[in-house]
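Residue numbers (our numbering), protein chains in the order written: chain E, 42 to 335; chain U, -3 to 278.
Careful, some of the hints might be misleading.
Said to hold, decoys possible - Stretch-level coverage of chain U by chain E, calculated; a stretch enters the list once three of its residues show a Cβ under 8 Å from a Cβ in chain E: (1) 75 to 89; (2) 157 to 168; (3) 181 to 191; (4) 234 to 245.
Everything labelled a hint here was simulated from the structure, so no lab data went into it. Everything numeric in this text was worked out from a predicted model, so none of it was measured. All C-beta atoms, glycine included, are put in the ideal place defined by N, C-alpha and C.
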Amino acid sequence: MTTAVSILPEQQLAALNAAYRQAVSRRRLRLLLGAGVFAAALVLAAIGAEVNLRTLFTYFGNFISYFDRILTLDNGQRVWTDVGEWLWGWRKWLKMLGETLLISYVGTLIGATFAFCLNFFAAENTSPSPWLRFVVRRLLEFARTVPGIVFALVFVIAFGLGPMAGVLAIAIHSTGALGKLFSEIVENADMKPVEGIRSTGASWLSCMRFAIVPQVTAGYASYALLRFEINVREASVMGFVGAGGIGQELVVAIRKFYYSDVSAILLTIIVTVFIIDITTGWLRGRLFGKEART
Amino acid sequence: MTKPYEVDAREIRARYPDVFDRPASARLAVPAMIVAAFAILVYGLVDLDFSPSRFIAGLSQLGWITLMMIPPDPGSSLPVYLKALGETLSIALLGTTLAAVFALPVSLLAARNVIPSQILRFPVRRILDSIRGVDTLIWALVWINVVGLGPFAGVLAIAVSDFGAFGKLFSEAIEGADQKQVEGVRAAGGSALHEIRFGLMPQVLPVIAGQVLYFIESNTRSATIIGIVGAGGIGLQLAEQIRVLEWQKVSFLILMILVAVAAIDFISGKLRFAIIGRRAVA
């Protein structure tokens, strides 16, 4: 069966075509302008960041050969041919890794506790007064915008070198990040239970405890686990500024060109991060079902 | 009027045993978990040398530091700081763009609906994971070894570590795309590249644009700190001023970072809405 395709008269078609072309060309112009602005910004940024392609091409071999070097033992063999020699410091490194994990655990727990206490004041639907909400929100914002490692730098001077500074830095950063996420969960909570409990004459505290907390704990725990995962990564570099953990070993190895040690420590960090990712992912899946994973 | 309903507590208890007489294991699970979490916390505090005296001494020290930070004052180095801030923004913009450009083709290789074979996909994904598992600061140290101290090392560090993140995010966006358009292109006789260009890209690009903008924003934060290991930008100034205990300058630098991050947040939020519409972001 053939279908007849209606063909518009020439005049009508020309008008439609012209309108179409105009619309397309306007869009193209806008796209081109946007691309131009973006390219200009990139060029400006390249000048600002002292990008030097010649350096990159001259030394790019270094980047490849750096990996070649860190995968070579002192005696010139590949690292995996002699695992015992490669991972010679595993006792020390595992101990430092344990410290890193402990730093992130303690930091996350302290941060989550503070965030738990503060988030009810920051959420729009539960905050007792607007000015309190404003103050708490700015406080949380400050805590999460200043990078954790900057806090660590300051704390190393105040509390001395060592893991204490790292823990406090991670705790503060986690308070800021989790406080915001927690308060968003609270804002999505159902307010009917709160009304029910308030109608019995309960105080604000009881309203939170019996109406809000049961609704939100699953979400809180899920976010706290996610934060723990992120904090393990962050704790692995806290040692760069002297705030404890495996980072200290790594920065020494990199700065002193102990090549095979660099790859060995990196390997332990990556494996640990993998294990933590998988375990917390599994734990979240088990505790809260699949939908809570996003 | 209905009669008040007579409740026999005993009968209700008998009818709902799960509510009133929960088994001991279920009742003890939560307290046991809390006790365990607390025990690890205490162990951690002891193991990490948290002594109350040290904590209080540190707090008073911190109080002094805070007092010395007021008022924030750049001294005579304001031009230097502004230049450093510009450097930081440049690092974030260039690093993110580079990462996005390189991650796009690789993310196609990691997407299930483009590359069905597990053999090719698996190594690509593990490589992306490994790149992501290494922190930006570590990449910065590696690149400093290659191209020397300075912001260029920072650009490359951000580019590499974001490459891992983008590869994963982009491939997830591609896997979430509607397959019907691709089938349509295939039905019209298009090649594999045509399928990607006309079937996938129009769906995926807005999502990717949103993610790239979001990363520029979050990389402004990362770029502020990679200077601490010598990879350029405002972090270098910050670390130096902290080391020489110039607290007024430190607080000024922190304020600068806060303002810059807020400004980038604002601008990129506007841009994101302009590119992909208000609904898609939320």
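(message) Just to make sure I understand the rule, a stretch counts as covered if three or more of its residues have a C-beta closer than 8 Å to a C-beta of the chain. Does the stretch 181 to 191 of chain U meet that for chain E?
(response) With 0 residues close enough to chain E, the hint is violated.
(request) Mind taking a look at whether chain E covers the stretch 75 to 89 of chain U? Criterion is 3 or more residues with CB to CB distance under 8 Å. (result) holds (count 6)
(request) With a C-beta cutoff of 8 Å, work out whether three or more residues of the stretch 234 to 245 of chain U approach chain E closely enough for the coverage to hold. (result) holds (count 4)
(message) So is the stretch 157 to 168 of chain U in contact with chain E by the C-beta rule, three or more residues under 8 Å, or is the coverage claim wrong?
(response) violated (count 0)
Violated hints, listed in ascending order, are 2 and 3; each of the other numbered hints is respected by the structure.
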